[in-house]
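Colleague: Now for the letters of each chain:
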Amino acid sequence: MHQDWIWGLVGGLMIGAGAAVYLLLNGRIMGASGILGGLIDGSARDATPERVAFLAGLIAVPPLLVPLYRVVDTHVSSNIGVLIVAGLLVGVGTRLANGCTSGHGVCGISRLSLRGIVATVFYLLGGGLALVIARHGLGLI
Amino acid sequence: MRNFTAFLAGGLFGAGLLVAGMVDTAKVQGWLDVFGVWDPTLAFVMGGAVLPMMIVWRIAARRKTSYLGLPMPGDFPQLVDRNLVLGSVLFGAGWGLAGLCPGPALGALAFGGWQFALFVLAMGAGMALTPALRGLLQRLDPPPVGQDDA
Chain L
1 MHQDWIWGLV GGLMIGAGAA VYLLLNGRIM GASGILGGLI DGSARDATPE
51 RVAFLAGLIA VPPLLVPLYR VVDTHVSSNI GVLIVAGLLV GVGTRLANGC
101 TSGHGVCGIS RLSLRGIVAT VFYLLGGGLA LVIARHGLGL I
Chain X
1 MRNFTAFLAG GLFGAGLLVA GMVDTAKVQG WLDVFGVWDP TLAFVMGGAV
51 LPMMIVWRIA ARRKTSYLGL PMPGDFPQLV DRNLVLGSVL FGAGWGLAGL
101 CPGPALGALA FGGWQFALFV LAMGAGMALT PALRGLLQRL DPPPVGQDDA
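Protein sequence lines correspond, in order, to chains L and X. Under the working numbering, the first residue of the first sequence is numbered 1, with each subsequent residue one higher. Under the working numbering, the first residue of the second sequence is numbered 1, with each subsequent residue one higher.
Don't read these hints as lab results, they were simulated from the structure. Please note: incorrect hints may appear among the correct ones.
[What the hints assert, rightly or not] Quick list of the computed label-pair ranges, beta carbon to beta carbon: (1) L64/L / M1/X: 18 to 24 Å; (2) A44/L / P142/X: 23 to 29 Å; (3) L68/L / D81/X: 32 to 38 Å.
[Claimed, not checked] If the Cβ cut is set under 10 Å, some of the chain X residues that face chain L in the computed set are: (4) A20; (5) F76; (6) L97; (7) G124; (8) P131; (9) P142.
Think of the CB as a built atom: it goes at the ideal place given N, C-alpha and C, for glycine as much as any other residue.
Here chain X stands alone, though its shape is the one from the complex (with noise of 0.2 Å):
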């Protein structure tokens, strides 16, 4: 059953990014790129899936466990670090160069062409870099919490 819903959810959201022109580039760019002709679309995507997600989270937070009986996502520190931040802006750099993030990058995977092939393989390479790349930001710059008075 966990499976199925899980499949379920993956193929609304990939359906809702298809339906939204979400896997057409040139409407992420659009919206990105502020000095040439603006295309608001993604504010009403952002909107409409945000806005009934409010409800939903106020109704997870009255519950215990989910309706298949599987444990709620708890709260994590709201910690703002640097990976946060400097993660978002590379992160933002290849949104904007490609107009693809990870979701309809994978939903337009089956049809979009040899393109979204290699981006999806470039991502999932830059996925495998990353605790690599971790432990080097780690290194180079540790984190003074808890350091400080050893």
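Chain L with its partners taken away, still in its complex shape (with noise of 0.2 Å):
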């Protein structure tokens, strides 16, 4: 639709705005693959109860939104192969990188981080060359 881009930007500045609050009044980087991965591997002792309250958010205040939509397509796929292999590559990927999107996107590329921008090549380079490959290279997705 060509009023995408508007919601686009409009979820956006919402986006920068959970950053915002997460920056200036807890003091921390708002980055989702941190937050939960912290929890995951138990580097994140200091402040768990703080990490929970951010994903709880994250995930509860989402689908009280949903209802305003007539629909709320995600596309996703339903392949269980793709789903598998991709979750694993975004897990160990961004825990190794130490970042993802909201980390070293969002919040690196505003802070103009250089570790932020070139985690950005990368990972613009590395999500378009596999769809690439997997959608016309082998028809996998």
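Could you fit the two chains together into a complex? Lean on the hints.
Modeller: Right under this line is the structure:
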């Protein structure tokens, strides 16, 4: 739809507001993979309740807005193999790189962090390449 | 208070992802697929999030503690190493295959169906395996810094 970019911008501003709250009030960089990953591998013993609270907001608030839409289509794959392989790659990759689209992308780029910018270049390259190969080369997705 | 503001931040993040259409894997894959019908939405989402955050970082840089009196994140070494590049390429590959990164995968977990549950489970397993993988990479190819003339 042609208004998609407006909603993209509005949603982006809300994402930025979330990152601003987490930085200015909690003194923390908002990165989804780091907040979850630190809980999973036990490297985040210092601020467990804060991380759980962030994840609770992230998981519990979007469903409250779903009824405002006629339909929320995710077009998500139902291919079990694709979901497992992609999930593993996202889990390993974000933890090895210490960040994902929110930490390295939103928070890193806006801070003009070299690591954030380099990471973003490489995950965009990796994503474009994997998608083009899997879709146009192998016809997998 | 700190936990309430963390919940608020997570809620704003998740609501923003939903409003922006980032829980729609077709939009993410439409951005990455330069050979298909290209979808520029993701650039507007990133722009909308990054531009205000540039101002916020300037405010943050002047503060020793947060508005709740908590320590601010310090500067950390801007080391571009193998783990950063390799990890980002692997993450990107998974992102492209499923059209999901950690934020939207968690944001749609409660309403997106079993596919999101399976993806998040696999992502969590990958996160749990990473410390071991880090150790393995370290043994196979130790970083040269500080070890060359010991």
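Colleague: Quick check: which numbered hints come out false for this structure?
Modeller: 3, 9
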